[in-house]
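Let's have the full structure, built from the sequences with the hints guiding it.
Heads up: the protein sequence lines correspond to chains G and W, in order.
The opening residue of the first sequence carries number -12 in the working numbering; numbering runs sequentially from there.
The opening residue of the second sequence carries number -12 in the working numbering; numbering runs sequentially from there.
I should point out that these hints are in silico values taken from the structure, not numbers from a laboratory.
Keep in mind that the hints are not guaranteed to be accurate.
If several chains are the same, the list does not tell them apart, and a pair holds so long as it fits within one copy or across any two.
When the alpha-carbon atoms are kept at most 20 Å apart in a straight line, the in silico EDC-like pairs for lysine to aspartate or glutamate are as follows [as the list claims (entries may be wrong)]: (1) Lys103 <-> Glu118; (2) Lys313 <-> Glu392; (3) Lys24 <-> Glu267; (4) Lys294 <-> Glu32; (5) Lys150 <-> Glu190; (6) Lys99 <-> Asp201; (7) Lys26 <-> Glu267; (8) Lys256 <-> Asp368; (9) Lys376 <-> Asp201; (10) Lys24 <-> Glu54; (11) Lys46 <-> Glu269; (12) Lys99 <-> Asp264; (13) Lys24 <-> Glu269; (14) Lys99 <-> Glu269; (15) Lys26 <-> Glu269; (16) Lys294 <-> Asp368; (17) Lys281 <-> Glu118; (18) Lys280 <-> Asp264; (19) Lys117 <-> Asp321; (20) Lys26 <-> Glu148; (21) Lys51 <-> Glu269; (22) Lys103 <-> Asp114.
Protein chains: 2
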Amino acid sequence: MGKVLIIGAGGVGNVVAKKCAQNPEVFHEICLASRTKEKCDKIAEDIKKQYGIEIKTAKVDADKTEEVVALIKDFEPDIVINVALPYQDLTIMDACLETGVHYLDTANYEPKDNPKFEYKWQWAYQDRYKEAGIMAVLGCGFDPGVTNVFCAYAQKHFYDEIKTIDILDCNAGVHGHPFATNFNPEINIREVTQVVRHWRNGEWVETPPILEEDSIHFTFNYPEVGPRESYLLYHEEMESLVKHIKGLERIRFWMTFSDEYLTHLRVLKNVGMTRIDEVEYEGCKVVPLKFLKKLLPDPSELGISYKGKTVIGCIFDGIKDGNRFKKYIYNVCDHAEAYKEVQAQAVSYTTGVPAMIGAMLVLKGVWAGKGVFNVEQLDPDPFMDALIKYGLPWKVEDFDGELPEF
Amino acid sequence: MGKVLIIGAGGVGNVVAKKCAQNPEVFHEICLASRTKEKCDKIAEDIKKQYGIEIKTAKVDADKTEEVVALIKDFEPDIVINVALPYQDLTIMDACLETGVHYLDTANYEPKDNPKFEYKWQWAYQDRYKEAGIMAVLGCGFDPGVTNVFCAYAQKHFYDEIKTIDILDCNAGVHGHPFATNFNPEINIREVTQVVRHWRNGEWVETPPILEEDSIHFTFNYPEVGPRESYLLYHEEMESLVKHIKGLERIRFWMTFSDEYLTHLRVLKNVGMTRIDEVEYEGCKVVPLKFLKKLLPDPSELGISYKGKTVIGCIFDGIKDGNRFKKYIYNVCDHAEAYKEVQAQAVSYTTGVPAMIGAMLVLKGVWAGKGVFNVEQLDPDPFMDALIKYGLPWKVEDFDGELPEF
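And the structure:
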């Protein structure tokens, strides 16, 4: 049905490329591009070996719109899947706009020097994408992405009105390193050191960052993995969900962290290693967080020793025909199984598979539209079917457990 | 009596310069030199204000013997006090040899790329210093330095034969930062992440580094500050003491660390920030430990908020006239009082004062000799008197407490 250009050859890019290659009836031609072409070539080699399919590779600096434009003009894709760095969302969106090609990403734009996860910069493309007759699908990974689709699905099938949503993201895996982040450490650490926000009654409520002593956390008993300490955190899908799920009174996001992870993070913050400003070092300008990234294990290489599971889902509380009840929709993904299939741990897998599915639905014309869309604005049903078919089966359960009330 | 050239303008250099300036009858002229001349000028300004004395300042790269030689030829000192980096001991010793000037330092040489604290490189100058008719006094800070003098004093006055020595180094101060080192973080961290050694029955015994779960530690009840967890550590003065204290059966060194300090150090080691090899970062070569130093509080600036005390001393077990007994000689130094006097915390103060005293004894001809000397080879009595006079009073007590036996 079409040609796909994937930009970014990290852990997620590897998964997207392989999942696309598994579905050649949809993805006729694949090009994988990155700043480091060798990374793309390595993945292309795997794909050739595993699926007997040739994919193209290319070198591109996604910070530069003109380089992306040139690559698009050369390869002529029908859609660009952006799994590069969130800083690069806008340059890639600009390139798609200039060339009239659909766009899909998994994480919203944030300025490099200011860790602010906000959709405003990307939503600002609405009119221009509409005029150009092309579609941008924003945040189509797992969270954001699948969690948004779960919300749209719950809204469509279970409730007249959803009152509260709690998104719970648990990684119960063990990678064998004293400290590592599951995706780009730069992005991961910026995310978890932010001020925490959740939304209630029409406004954002700030609470202490996870490293503070008075941070908000509770023990949730996750399916298949058991109880884990879960910390209130700001996460970007909440920003679009409060706009698109009508009648919502509260939405919160929780993520599990081990004590060891928090200790490492606290120390790194204490000594200044999470700073994102430049520090003079023998005539060089060094950004501590970017330097830290050089020292930490490459998230795309954690997979080989990763054991355990991720459990990510949403708990809804709402009303249908006058009855109030709770539902829990979630996926469980196994690190070792993901690695066996595509040589990636579950955090990359759960982000890459939905990106492939979103692109597939766009190429098939099942998801169609002009302008900029968050995934909960699109029909959840074909996406939910595809999740089961392509490796991320989900369950729905009645939920009668407790959640913190505050 | 003479002219002194002080090389190094960190926390210790500041103390040495000020203590020399307090004794103009001995130190007729002072020159303070460092890679960064501004640091010297700042200290010179303080000295002018506090003591009404003008000292000279100079820029010198102590990695380069020829620069040190040029400075010595220009200033013509009678002694060089080296309180620069331990990597620079040999270049400065070479310069003193070339110009025929006495040398004194506070920490033994170690190669930059190999954290090995050993005297062998400096002891190798023995014949050349002898021939040149000059004196090198090695390790004349607190530990090494005062602890060695305590040993020589105990040997001279209390014992026929010392059987065991336990050196106990406690910093019970609080600086108000989540993590900081009390002297150059590069040197401090290299020291504390080393394999631990102590000496017994003629050989070095290795035990696990302080960060390991099975590291050796015990709670010692320090005078004036109370019980503190004290960790077995290798420390350089033991190498010369086992040579010069005859009949010794065991010598150990213990240092206090807080749980927070150890946690920070463990994390920094885990993530690779204590590495001393070069890491490629955007075209630059960055040594993690040296970069960490850029981020941590400057030890010379900890003083202003430092509260509490250091307690450093030696416990001896030995025989006199057939009787076996234990003695404890120690000094207590108060961070805030040291700061009040010379704008430095106690760790800098306790290192800088003995360096001044050693230089004073050499200039006065009280300590005289040709060749390379560790301080326990010289008469302890005038040094012990000077400690009391110049700010580091000590006590001797009978000791009847317990020390770990293993």
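### Message
Checking each numbered hint in turn, tell me which of them this model violates, lowest number first.
### Response
1, 4, 6, 8, 9, 16, 17, 19, 20, 22
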